[in-house]
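Listed below are the residues making up each chain.
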Amino acid sequence: MAYTIAINGVAHSVEADDDTPLLWVLRDTVGLVGTKYGCGIAQCGACTVHVDGTPARSCQIPVASVGNAQITTIEGIGDSPVGRKVQQAWIELDVAQCGYCQAGQIMSATALLKSNPRPSDADIEQAITYLRIRAAIKRASESLAQTMEIQHG
Amino acid sequence: MADTPAITASRRLVLKAALGTGGGLMLCFFLPTGADAAPGKAAATEFTPNAFITIGADGKVTLVAMNPEMGQGTKTSLPMLIAEELDVDWANVHIVQADSEPTKYGRQFSGGSRATPIHWDQLRRVGAVGRAMLVAAAAQTWKVAAAVCTTEPGQVVHGASGRRIAYGDLIAVAATLPVPDPKTVALKEPKDYRIIGTAQRQVDQAAIVTGQPLFGIDVRLPGMLYATFQKAPAYGAKLAGADIATQKAAKGVHDVYLIDGPTDPQGAVSGIAVVAGTWWAAQKARLALQATWADGPSRSQSSEHFHAQAQELSKQPPTMPIRKDGDPDAAFKGAAKVIEAQYFYPFISHATLEPQNCTASVKDGKVEIWAPTQNPEPGRDLIVRTLKVKPEDVTIHMMRCGGGFGRRLSNDYMVEAAVIAERAGVPVKLLWSREDDMAHDFYRPAGYHFFKAGLDGSGRLIAFRDHFISIGMNGKFSSSANLAPEEFPAFAVPHLEFAASIMQSAVPTGPMRAPRSNALAFAFQSFIDEIAAASGADPLALRLDLLKAAAAQPKPAAPAQGDPPFDAARMIPVVQRAADMAGWGRQVPKGSGLGIAFYFSHLGYFAEVVEAHVGGKGAVKVDKVWVAADIGSQVINPSGAMNQVQGAVLDGISAALHQRITVKDGMTVQRNFDDYPLLRMPEAPEVEVDWVKSANSPTGLGEPALPPVLPALCNAIFAATGKRVRSLPIDLTSV
Chain A
26 MAYTIAINGV AHSVEADDDT PLLWVLRDTV GLVGTKYGCG IAQCGACTVH
76 VDGTPARSCQ IPVASVGNAQ ITTIEGIGDS PVGRKVQQAW IELDVAQCGY
126 CQAGQIMSAT ALLKSNPRPS DADIEQAITY LRIRAAIKRA SESLAQTMEI
176 QHG
Chain B
3 MADTPAITAS RRLVLKAALG TGGGLMLCFF LPTGADAAPG KAAATEFTPN
53 AFITIGADGK VTLVAMNPEM GQGTKTSLPM LIAEELDVDW ANVHIVQADS
103 EPTKYGRQFS GGSRATPIHW DQLRRVGAVG RAMLVAAAAQ TWKVAAAVCT
153 TEPGQVVHGA SGRRIAYGDL IAVAATLPVP DPKTVALKEP KDYRIIGTAQ
203 RQVDQAAIVT GQPLFGIDVR LPGMLYATFQ KAPAYGAKLA GADIATQKAA
253 KGVHDVYLID GPTDPQGAVS GIAVVAGTWW AAQKARLALQ ATWADGPSRS
303 QSSEHFHAQA QELSKQPPTM PIRKDGDPDA AFKGAAKVIE AQYFYPFISH
353 ATLEPQNCTA SVKDGKVEIW APTQNPEPGR DLIVRTLKVK PEDVTIHMMR
403 CGGGFGRRLS NDYMVEAAVI AERAGVPVKL LWSREDDMAH DFYRPAGYHF
453 FKAGLDGSGR LIAFRDHFIS IGMNGKFSSS ANLAPEEFPA FAVPHLEFAA
503 SIMQSAVPTG PMRAPRSNAL AFAFQSFIDE IAAASGADPL ALRLDLLKAA
553 AAQPKPAAPA QGDPPFDAAR MIPVVQRAAD MAGWGRQVPK GSGLGIAFYF
603 SHLGYFAEVV EAHVGGKGAV KVDKVWVAAD IGSQVINPSG AMNQVQGAVL
653 DGISAALHQR ITVKDGMTVQ RNFDDYPLLR MPEAPEVEVD WVKSANSPTG
703 LGEPALPPVL PALCNAIFAA TGKRVRSLPI DLTSV
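Those protein sequences? They're chains A and B, same order as listed.
Converting from the first sequence to the working numbering requires adding 25 to each position, the first position being numbered 1.
Converting from the second sequence to the working numbering requires adding 2 to each position, the first position being numbered 1.
Derived by calculation from the structure, the hints in this document are not laboratory data.
Any given hint could turn out to be false.
Computed beta-carbon distance windows for the label pairs [to be verified]:
1) A:Ser38 to B:Thr47: 42 to 48 Å
2) B:Ala571 to A:Pro142: 50 to 56 Å
3) B:Lys390 to A:Pro106: 31 to 37 Å
4) B:Asp383 to A:Glu150: 56 to 62 Å
5) A:Glu40 to B:Asp565: 52 to 58 Å
6) A:Gln151 to B:Ala338: 52 to 58 Å
7) B:Lys695 to A:Asp146: 30 to 36 Å
Residues from chain B that face chain A, not an exhaustive set, calculated with beta carbons under 10 Å [to be verified]:
8) Thr200
9) Ala201
10) Ala209
11) Pro215
12) Leu216
13) Trp281
14) Ala283
15) Thr354
16) Pro357
17) Gly405
18) Leu433
19) Ser435
20) Gly642
21) Gln646
22) Met683
Calculated cross-link-like contacts (lysine to any residue; reagent style SDA-like; alpha-carbon spacing at most 20 Å) [claimed, not checked]:
23) B:Lys550 to B:Asp327
24) B:Lys623 to B:Leu681
25) A:Lys163 to B:Glu688
26) B:Lys666 to B:Arg682
27) B:Lys253 to A:Tyr28
28) B:Lys253 to A:Ala89
29) B:Lys326 to B:Ala501
30) B:Lys253 to A:Met26
31) B:Lys253 to A:Val39
32) B:Lys253 to A:Lys163
33) B:Lys190 to A:Val39
34) B:Lys626 to B:Arg682
35) B:Lys390 to B:Ala426
36) B:Lys626 to B:Val616
37) B:Lys454 to A:Leu169
Cβ coordinates follow ideal geometry from the N, Cα and C atoms, glycine included.
Can you build the whole structure from these sequences, using the hints too?
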């Protein structure tokens, strides 16, 4: 089947079986390999993308169900101010080790900060987190707050 | 890792070469390697004093990261060593990842926390050679003695006149100069370091957070197809038959191949490969295959069977002596108190989050490989043997690994990809599913320890015995399933015996992050806690007493080659520091406890204290971990170092709380992260780290922080509840 999918603001025409998970369309068909395969059963979160701004596991989304939804991946998340701040905080705090799951972590953290720009520790704990990730979300949150103050002040 | 003979042998080779006693490699290491670097060449556009360094006319510095990167940080920390002694501005350094070319760089692998101890001296000398040549070039230009010239980052300075020349302006002259013997070049005093000891980000951090292609799984080549590979579910079993016609005709499928191969899981074993236009199409067709498998050597083996066998063997004398000091039998007879306990740890899987994969292209007898591998050269050997090609016709690109932990010391997936690509005639990316990865690992071996300790009338530990029941084949331990005679409390107890019995096993095993130590630390340091409880001693005080006893023994002679032995005296301040950090002895809330443990592995001295809380229904919450460590005189990159320690501690807690591979009918029961869970984010405690600096040469960090956290956690649970954990993963409902 032929589908047209909006990814990072660009319409992509792809040919894929209906049941092909979005993950594999992104990686193998479109060539956006930043979204990672870890388990294929929505356990690990490495394949997290945003579907109309909401974090979702792309290994569980058949391409046929994407429709007109706007898909955002790690390659496009830096186009939003929140995503960019999160990436900057990650770099500043040297968060990643092997880095394989980090696309998923950043997508989750960005979604959290988009819905809740000043999360409490408990909020972060619920959403995700470990050590530097926790610190990096805080850093991104502070830096967002500063940006907002500058914009509004 | 450290206990794999292949690596140990090769490491010695590299050390020998680095020390200048081997000759051959030394030349390869330090002679100019490119035409551009040939001495005397007119108007050089680059200065390449050796295989690791290139300086352009614009002053741009390119350094080679020689080892595979799997998150352990050597792509950053090893070039830092070169940059320090070359004396350049780190912000101006560009890092390139080496291919696997050992004749150019020496042995390239990532394992055993070896990068720092092997390369600390050698790579600083690589940098110092470049600096010496740039200084000589400036001296020649100024017609002054080299001895009166110094450097500042990126430039040579003549102190008396204040003249300066940028490195980029010296390359033409420097390229004409002889390359000095690396043994003779002067190294900086540590007080003058500008890069070593400063926190630097991983060089790929920005590429990681923006999703750039870095990992093996990210490789894409023109005309590339995707492959999946169905192997026998049972270890070492072969394909008996398969109907592949239907799947050959399936939509998107390019071809299906029956692969014949050896039963050794290190090679390209027998199975069915599906090649398709996308991985999903290949995987769908592969899951629909109908295949039958012959019985392998492991058919009758199971975790349950090993367990029953171990109980039987524990009642018989051990068959393999490992160490005997004094007269343990007599000491136990004379002991005022004897305690016994049985410890068990299961098989566990590496579960690298990036499943095993490799991209291969085979054309006209030339093989090109893109692999996330920790240990590329044995992969080249496998390909040479299997595809009957020449070693020099195999090119291996070492891709970033999404975790390694020892799994990628084996190259089974690499040779599989090469075999499939040869059949396909086009480049192929082989990707294992998560289920494949869990089913076909080289597992951390399971093991049983039947301990006995004897105390004298004053509660002093006088006798210690471990009957270790392990797995192996024909009387030889499986990989990473052995026990060394130096295991603590050797040297600390007058009457001591280590001995083993081996259960016949065909379960593939291999090194896993802190191999052996990741299991032995749990068993030994937990039982030492039991000894403390039995003698009424404080767990910290008993450990310090035992370490003092070991330190008072005459030191075993350091081997001429290989690692220095455990130095108990070095561990004492580390244990004390961890205790001080945690406020050992303080009151903790009801249901909480503090536990302590120490462990020496991979040349690192580590002591850790865990504060844990045990709630209703035995739910364990790790609140905080304090880590004290002596890894020598320098922590090369404090940011990377902190990451390694925190990661290792969380890895250990994950194994302690969750991980278990069960064997049934000669195959792995667990399939994915739903039945083999890893530590979840909210379970991750704060980890505080402090360094105990010593006058020793710096050592590595990928592994040694892991082992002590398991017993420290179990000991904290005992302090909180009085329940002794003797079996992993921790399940307080069964204690």
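Right, here's what the structure says about each hint:
For Ser38 of chain A paired with Thr47 of chain B, a C-beta distance near 45 Å keeps the hint of 42 to 48 Å intact. Distance hint for Ala571 of chain B and Pro142 of chain A: a CB-CB separation of about 53 Å, consistent with the stated range 50 to 56 Å. For Lys390 of chain B and Pro106 of chain A, the Cβ-Cβ distance of about 57 Å falls outside the hinted range of 31 to 37 Å, so the restraint is violated. Evaluation of the 56 to 62 Å hint for Asp383 of chain B and Glu150 of chain A yields a failure: the beta carbon distance comes to about 48 Å.
Between Glu40 of chain A and Asp565 of chain B the Cβ separation comes to about 57 Å, which falls inside the hinted range of 52 to 58 Å. At about 54 Å, the CB distance of Gln151 of chain A to Ala338 of chain B agrees with the hint of 52 to 58 Å. A C-beta distance of roughly 33 Å is found between Lys695 of chain B and Asp146 of chain A, which places it inside the suggested range of 30 to 36 Å. The interface hint given for Thr200 of chain B is broken, as the beta carbon of that residue sits about 12 Å from the closest beta carbon of chain A, more than 10 Å.
Annotation: interface hint on Ala201 of chain B holds; nearest CB of chain A at approximately 7 Å, less than 10 Å. With a cut of 10 Å, the hint placing Ala209 of chain B at the interface with chain A holds, because the nearest CB-to-CB distance is about 8 Å. With its C-beta approaching chain A no nearer than about 5 Å, Pro215 of chain B sits inside the 10 Å limit, and its interface hint holds. The beta carbon of Leu216 of chain B is positioned within 10 Å of a beta carbon in chain A (closest approach about 7 Å), and the interface hint is therefore held.
This hint holds: Trp281 of chain B has a C-beta 6 Å from the nearest C-beta of chain A, less than the 10 Å allowed. The closest approach between the C-beta of Ala283 of chain B and any C-beta of chain A is roughly 7 Å, which is under the 10 Å cut-off, so the hint is satisfied. Of the supplied interface hints, the one on Thr354 of chain B holds, with its beta-carbon coming within about 8 Å of a beta-carbon of chain A, less than 10 Å. Satisfaction of the interface hint for Pro357 of chain B is found here, the shortest Cβ-Cβ separation to chain A being roughly 7 Å, below the 10 Å cut-off.
Contact between Gly405 of chain B and chain A, as hinted, is supported at the beta carbon level, the nearest pair being about 5 Å apart and thus within 10 Å. A cut of 10 Å between beta carbons decides the hint on Leu433 of chain B: the least distance to chain A is about 8 Å, and the hint holds. With 10 Å as the threshold, the beta carbon of Ser435 of chain B comes within range of chain A, its nearest partner Cβ sitting at about 7 Å, so the hint holds. For Gly642 of chain B, the suggested interface contact is upheld, since its CB lies about 8 Å from the closest CB of chain A, less than 10 Å.
Residue-level restraint check for Gln646 of chain B holds (minimum Cβ-Cβ distance to chain A is 8 Å; threshold 10 Å). For Met683 of chain B, the suggested interface contact is upheld, since its CB lies about 5 Å from the closest CB of chain A, less than 10 Å. The straight-line distance between the Cα atoms of Lys550 of chain B and Asp327 of chain B is roughly 18 Å, inside the 20 Å bound, and the hint therefore holds. For a cut-off of 20 Å, the pair hint linking Lys623 of chain B to Leu681 of chain B stands: about 12 Å separates their Cα positions.
About 15 Å separates the Cα atoms of Lys163 of chain A and Glu688 of chain B, which keeps this hinted pair within 20 Å; it holds. Proximity of Lys666 of chain B to Arg682 of chain B is assessed by CA-CA distance (about 27 Å); at most 20 Å being required, the pair is judged violated. About 17 Å separates the Cα atoms of Lys253 of chain B and Tyr28 of chain A, which keeps this hinted pair within 20 Å; it holds. Of the supplied pair hints, the one linking Lys253 of chain B and Ala89 of chain A holds, its CA atoms being roughly 17 Å apart against a limit of 20 Å.
Taking the CA atoms of Lys326 of chain B and Ala501 of chain B, the gap is about 8 Å. The hint holds against a cut of 20 Å. Between Lys253 of chain B and Met26 of chain A the alpha-carbon distance is near 12 Å, which keeps this suggested pair within the 20 Å criterion. With a C-alpha separation of about 16 Å, the suggested pair Lys253 of chain B and Val39 of chain A falls inside the 20 Å cut-off, and the hint holds. Straight-line distance between C-alpha atoms of Lys253 of chain B and Lys163 of chain A comes to about 48 Å, which puts the hinted pair past the 20 Å bound.
The straight-line distance between the Cα atoms of Lys190 of chain B and Val39 of chain A is roughly 58 Å, outside the 20 Å bound, and the hint therefore fails. Only pairs whose Cα atoms come within 20 Å are accepted, and Lys626 of chain B paired with Arg682 of chain B is accepted, the gap being roughly 15 Å. In summary, the hint linking Lys390 of chain B to Ala426 of chain B is supported, as the alpha carbons are separated by about 17 Å, within the 20 Å threshold. Proposed proximity of Lys626 of chain B and Val616 of chain B is supported: the alpha carbons are some 13 Å apart, at most 20 Å.
With a CA separation close to 60 Å, the supplied pair Lys454 of chain B and Leu169 of chain A exceeds the 20 Å bound.
The structure is inconsistent with the numbered hints 3, 4, 8, 26, 32, 33, 37, although it conforms to all the rest.
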